[in-house]
Structure formats: structure tokens, C-alpha cells
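Chemist: Residues per chain are reported as follows:
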Amino acid sequence: MAKPSNVQKIFLTLVFIILYAPIFFLIFYSFNSNGTMSSFDSFTLEHYAAVFEDTRLIMIVFNTVIVALLSALISTVIGVLGGLAIVYLKNRKLRSTLLSLNNVLIVSPDVIIGASFLILFTAVGVRLGFASVLISHIAFSVPIVVLMVLPKLLEMSDSLIDAARDLGASGKDVLTRVIIPYIKPGIFAGFFLALTYSLDDFAVTFFVTGNGFSTLSVEIYSMARAGITLTINALSGLIFIVTVGLVIVYYALNSRNRTPVTGVKK
Amino acid sequence: MTQQPIIRFDNVSKRYNEQTSVLNNISFEMERGKFYTLLGPSGCGKTTILRLIAGFIEPSSGEIQFNGKKINDTPPNERQVNTVFQDYALFPHLNVFENVAFGLRIKKIKQADVKRRVEEALRFVNLQGYENREISEMSGGQRQRVAIARAIVNDPEIILLDEPLSALDLKLRTEMQYELRELQQRLGKTFIFVTHDQEEALAMSDEIFVMNAGEIVQSGTPIDIYDEPINRFVADFIGESNIVDGVMIRDHLVRFAGREFECVDAGLDPNEKIEVVIRPEDLEITSPDRGKLVVTVDTQLFRGVHYELSTYDKDGNEWLVHSTKKAQVGDEIGLDFDPEAIHVMRLNESEEDFDRRLESYEVPDHAE
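Heads up: the protein sequence lines correspond to chains L and Y, in order. Sequence positions in the first sequence follow my numbering and run 2 to 267. Sequence positions in the second sequence follow my numbering and run 35 to 402.
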């Protein structure tokens with residue numbers, strides 16, 4: 002590829018400035034001692050202090066993280082098994098049908114997923130709260146994990162499995178000693194993507210939450226409706242930093258997986 | 035042979051659906067400790083036989099025996115057979131040591147024994163000192179050796195090799211032919227080697243099974259198959275041949291290319307239509323008046339060890355000649371050959387009939 006020209010560079014910079022400006026604007030005013038976002042008076046950390054003093058908010062952050070970790074973990078397990086099923090299904094028609102069903106879930110709007118889950122939970126009689134949020138988060142994360150794991154599975158040569166069987170491996174050995182290590186980068190990618198999808202999900206959670214159970218995105222939404230306080234800015238700033246941190250961790254793990262350094266196991 | 039065969043196929047067929055049959059009623063036996071080659075063009079079913087022995091697929095009908103026991107339903111991980119795959123199938127997430135140790139780890143063998151056996155296997159294939167290398171750091175030839183070490187470390191009864199040399203360059207391939215043959219003799223194991231390369235088959239095997247279209251066309255030692263091909267397919271596939279139509283006048287007298295020739299074949303019907311094979315290296319260039327055949331030189335290629343001449347007789351039959359002597363393109367030359375150089379092939383003869391006929395008139399000094 003040719004080197005980008007100056008016009009291209011300026012355009013790129015402009016795009017990134019426009020994309021990131023609102024976030025930095027928000028974070029900037031989180032340090033404002035004046036309680037509004039109209040003019041900056043002086044630097045203060047009181048809004049951050051308010052976040053940490055608000056035990057209800059801390060509880061909600063805790064809920065959000067628990068739901069994210071649990072749903073990412075469970076959907077990774079289900080997603081990997083689903084990916085395996087899709088790849089090793091002999092029936093081609095069933096295989097492509099499953100794959101299409103998986104992809105439809107990814108492109109279908111969150112509002113529809115949320116609304117349909119709400120209808121399902123009320124019909125079946127599931128109490129809205131932690132369980133309903135967790136279940137729906139797992140539901141929208143599984144297709145993402147499947148999509149991340151599938152390319153690695155398809156890339157893997159069948160002769161690797163033949164070779165493992167030939168060397169005495171049982172079905173379980175093949176899975177744990179050959180397939181899982183081989184698709185590990187895909188599993189990590191799927192887990193982290195599911196984690197971030199769950200952390201920032203608003204639409205689905207908004208429908209299925211209840212009984213005092215809330216996650217951050219839903220809470221911020223209701224806080225914003227009640228009237229802007231700079232506590233929201235401080236909280237958003239913190240979330241932004243955590244997200245950036247997660248992205249860095251993900252890239253670090255990914256690049257380490259690309260050049261495996263496995264020593265002789267003792 | 036009183037010894038029990040290590041592998042026995044009894045009327046084995048393999049079909050993937052009603053129409054396409056990959057193997058048709060194949061029966062053969064293999065003896066312990068020999069180097070066998072399954073040779074044939076792609077799609078002839080040779081790899082299917084290998085996969086049946088390894089256990090990756092099950093026969094549609096018939097019986098496969100290992101040491102006299104039926105193994106049709108035995109899964110691959112319970113067979114004392116190990117395979118060297120065409121693409122090597124080394125595990126990219128494990129280093130050389132762990133790749134070779136894979137089978138031993140599955141069997142939960144003690145670490146000290148694993149270390150000793152892996153090092154011994156790597157020494158066998160001249161890879162000592164490479165234990166901690168990653169697979170991605172190894173060259174094609176080295177990966178090949180790792181794959182062989184990974185198979186032999188488990189001490190299997192049979193080692194299956196699925197076209198393992200096809201991805202190597204010519205020089206390395208020739209080297210590996212010597213090494214594989216030597217390895218087989220040092221280990222004393224049964225090797226079953228699949229290839230479409232007749233040179234590999236001739237160089238390494240104790241016995242060759244020539245296959246075509248899901249059937250074994252001919253089996254025998256490399257010399258038998260080269261000197262006495264059963265039909266046009268084998269003669270054409272193994273080495274280069276001159277094949278012309280002819281008529282068997284009576285025992286030891288055959289007519290082709292417009293003349294009658296003395297030959298060593300017998301046991302055929304008088305005036306039976308046959309095909310005659312003469313190998314290019316059995317034809318000697320001489321003067322036209324002394325030659326049994328008179329031909330015109332059409333083209334001449336220098337092949338290094340010999341010249342390859344394409345010549346035509348007056349009936350238009352092509353005669354390929356390998357000779358260290360040079361000729362002039364366009365010249366008329368004579369071709370001389372011994373009666374033993376003429377090999378007569380009956381049309382549609384079965385392998386049993388062919389063997390019986392050969393035994394009936396074979397002269398001891400002809401067997402080399």
C-alpha cells in the first residue's frame with residue numbers, strides 16, 4: 002500500500018477527534034468543581050469521591066462485573082461446544098442452517114432480543130433480576146463466541162485429529178490436548194468480546210432487569226433522565242479507563258498466543 | 035510361509051455411497067517385518083487401504099485381520115499402528131519433544147522413560163539436539179523426521195506412511211528413500227508405504243502392490259513387477275515401456291512388428307492375440323543389417339546417464355530406446371535385443387493365471 006497522503010492523514014485525524022471528543026469532553030468536566038458542564042471553574046476530585054461513597058453505585062458496578070464475567074465464561078463454554086458441533090456436523094444442510102441461525106442472532110437488534118426475552122420470562126414466570134439478566138446476556142454472547150472460534154476450527158487440518166487418534170488419544174484427549182490448545186486464541190478473543198458486550202449492554206438489560214437489580218448502563222441512563230450530575234461524568238470516565246485497560250490486556254494476550262513459547266512440560 | 039500374516043484383508047470393499055466404490059473386494063496378506071508399497075495413480079484406493087489399517091474408516095464389507103484377529107471395529111487409538119501423514123500433522127502448539135512424546139503422555143508413561151524414549155527416537159532420525167525447537171522453526175525435511183520419530187517412539191507393530199516424501203525436493207527425497215529403507219531394516223518393523231512414484235516404490239520395497247481403480251492389479255517384488263508386468267497398465271505405470279500388439283504363433287515364438295521372434299514365453303493358445311513389452315534399456319543400437327528391427331530416429335534427448343531416442347519402424351510403431359550410444363536424427367538404425375527381453379502379456383489375464391503361467395516356464399537364470 003502507498004503511504005497515506007497529507008489529506009488522508011488530516012481526514013483520519015479529524016475522524017478520530019470527532020469520535021473521541023465527546024468522551025474527552027465528558028471526562029474533562031468530571032474534574033469541574035462547578036456542578037455544571039457550561040464553564041470550567043477549578044480542578045476537583047469530589048465527583049470521583051462521590052462515586053466511591055455511593056455504596057449503591059458500587060454495588061451496581063459489582064453486579065455489572067459479576068454478570069459480565071459469569072455470562073462471558075458460560076457463553077464461552079457453550080460457544081466453543083457450539084462451534085465444535087457446527088464444524089464436525091456431517092449433515093451439510095443442518096450445518097449451514099445452524100450457522101445462519103447463529104448469524105441472525107448477531108445482526109438482530111438488541112431491542113428485539115430484549116423485548117422477546119421479557120415476553121419469554123414473564124410467560125414462563127422467571128422473576129426479573131440477576132438470573133434474567135444473566136441468561137439474556139449469555140444468550141446474546143454465545144453467537145459472538147461461536148463466530149470467534151469458528152475460523153480457528155475451520156483452519157485446523159483434519160489430519161491433526163487423525164494423528165492424535167492414531168497416537169492413542171481418546172475423544173476426550175483429542176479435545177483437551179489438541180483442539181482446545183489449537184483454538185485457544187479464538188477462545189480468548191470470544192471471551193473478551195463477550196465480556197465487553199455484556200459490560201456495555203443497555204438495550205437487552207433495560208428490558209429484562211427488575212426488582213432493584215441494575216447494571217451500570219441502565220443506572221447511568223436513569224441517572225441522566227433524573228438530571229445531569231457530574232457523578233455520571235466521573236463514573237463514565239472510570240468505565241472508559243477500564244475499557245481501554247481491557248483492550249490492552251486483550252491485545253497483549255493475543256500477541257503472546259501468536260508466538261507460542263511452550264517449554265518441555267515437567 | 036508358516037508365520038501368521040500381520041495384516042490380512044479378506045474381500046474388503048469400501049463404498050461411500052451406492053454408486054462410488056473406492057475398493058472392490060480386495061484380499062491380500064502382509065508379512066511381519068517387510069517393507070510394502072501400495073503404488074498407483076491418485077484415486078486408485080491406496081490411501082483408503084492405509085486408512086482402513088489405521089482405523090480412521092471402516093470397511094463396507096469384508097474382514098480386516100491384525101495378527102489373526104478381526105479389527106474391523108477397533109478404534110484407531112486401540113490399534114498398534116502408527117501413521118506418518120502426508121502433511122506430517124505435527125501439533126503446532128507443541129515443540130519437537132512434546133510432539134514426539136504425545137503418544138507416551140497419553141499412555142501416562144513415567145517422565146524419565148518418556149525422556150529416554152523420545153531422545154532415542156530423535157536419535158534414530160538424526161534430530162538429537164532439536165528437542166526444544168518449535169515446529170514452525172523446522173524445515174520440511176526436519177518435520178518429516180519429527181513425524182517419523184513420533185510414530186516409531188510408540189513401538190508400533192506397523193508403521194503406515196502416506197506419501198510422506200511428496201512434499202520434499204528431489205535431492206532430499208532420494209536421501210529419505212535410503213534413510214527410510216535403512217530405518218525399516220534397523221527397526222525390523224512392518225512398513226506400509228503409499229506412493230504414486232514408481233521410483234520410490236522400486237527403490238525401497240520388499241513387495242509392491244500395484245493398484246488401479248480400487249483393485250490390486252499385481253503384487254510382487256520390484257524386480258518381478260518391473261520385468262514381468264501383468265498388463266499394459268502396470269507396464270506403462272512402472273518405468274517406460276514399448277508396448278505393441280502381437281500374435282503368439284506357438285510356444286516360444288511370437289509375431290510382432292511384421293516379423294517372428296524367438297521368446298521365452300509359453301503356455302498360451304496358438305495364434306492368440308497378445309501385447310508385447312520391451313523395455314527401452316533392453317534395446318541395443320546396431321547397424322540396420324544386423325538389427326532385428328529397423329527403425330528411423332525421430333528425436334534424441336540427452337538424459338545424463340543415457341540418450342533417449344524416439345524411433346519409428348515402418349509400420350508406425352514407436353520404439354523408445356535408452357542407449358549410451360549416440361545416433362543421428364533421421365538415420366536408419368537397427369535394434370537388437372535378447373529373446374528374454376520380450377515380455378508377452380495376455381489380454382485380461384488374472385493375477386493367479388499369470389503367476390501360474392510364469393511358474394510353468396520360468397528359467398532359473400531369468401529370475402536374476
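No wet-lab data here; the hints were simulated from the structure. Careful: at least some of the hints might be erroneous.
Quick list of in silico lysine to aspartate or glutamate cross-link-like pairs, EDC-like style, CA-CA up to 20 Å [stated by the list, open to error]: (1) L:Lys-91 - Y:Glu-154; (2) Y:Lys-144 - Y:Glu-154; (3) Y:Lys-142 - L:Asp-55; (4) Y:Lys-326 - Y:Asp-387; (5) L:Lys-153 - Y:Asp-121.
Chemist: If a hint holds in the structure, say so; if it does not, say that too.
Modeler: A quick look at each hint next to the structure:
Straight-line distance between C-alpha atoms of L:Lys-91 and Y:Glu-154 comes to about 41 Å, which puts the hinted pair past the 20 Å bound. At most 20 Å may separate the alpha-carbon atoms for a hinted pair to count; Y:Lys-144 and Y:Glu-154 meet this at roughly 15 Å. For a cut-off of 20 Å, the pair hint linking Y:Lys-142 to L:Asp-55 is broken: about 55 Å separates their Cα positions. For a cut-off of 20 Å, the pair hint linking Y:Lys-326 to Y:Asp-387 is broken: about 31 Å separates their Cα positions.
Distance restraint check for L:Lys-153 and Y:Asp-121: the Cα-Cα separation of roughly 18 Å lies within the 20 Å cut-off, and the hinted pair is therefore satisfied.
Checked against the numbered hints given earlier, the structure breaks hints 1, 3, 4 and satisfies all the rest.
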